[in-house]
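Please model the entire structure based on the sequences and the hints provided.
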Amino acid sequence: MNGIIFNIQNFCIHDGDGIRTCVFLKGCPLRCIWCHNPESLEKTPTLSFNKQKCSSCGRCLAGCSARTTENGMLKINREECMKCGKCTEICLNDANEVIGNEMAASKVLDEVIKDKIFYDTSGGGLTVTGGEPSYQPEFTLELLALAKDAGISIAIETCGIGSREFYEKAVALGT
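Numbered continuously in the numbering used here, the sequence shown closes out at residue 175.
A hint or two may mislead.
[What the hints assert, rightly or not] Derived DEER-like restraints, expressed as beta-carbon distance ranges:
id, residue 1, residue 2, range
1, Q52, D120, 39 to 49 angstroms
2, C57, G18, 25 to 35 angstroms
3, K51, V171, 40 to 50 angstroms
To be clear, the hints were calculated from the coordinates, so they are not data collected in a lab. Cβ atoms here follow ideal geometry from the backbone N, Cα and C, with glycine treated the same way.
Listed below in structure tokens is the structure:
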């Protein structure tokens, strides 16, 4: 099963007991004004553009049909953007970034398991967060099951908007 991940962060200490690895999923149906991860709201990969890093060199105009200029400023036509990542490759200043990539649950676990010694000695483990873990329910449950089978403590950070069935399955796994 594949999911859309936007970050895997090691050595987290504020997202559950002990030292943890947080897997940040894309997608949340809420639009809370206090959201700590607004880049996670869309369920699909998104293009981030940092104006402060942009030197207006125009290299992205040549490589992307979704780019235009307006009053001397570079603009992105978001309806035309295919999130192909070409603009991230040709930008010399790293002003463009595609946030979110598809990963198999087994590949995510390969990253998480690298720090198992720290989980074992600190009482930590894996925290699936986001975004909203229940927004990718099958992926989240598969990742939790794989981690549990590997002897890793599991937790989810959720707003509680998911289905009752999702939470019952997550609890049955030991979250």
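Self-check item: Unmet hints by their number, sorted upward, for this structure
Solution: 2
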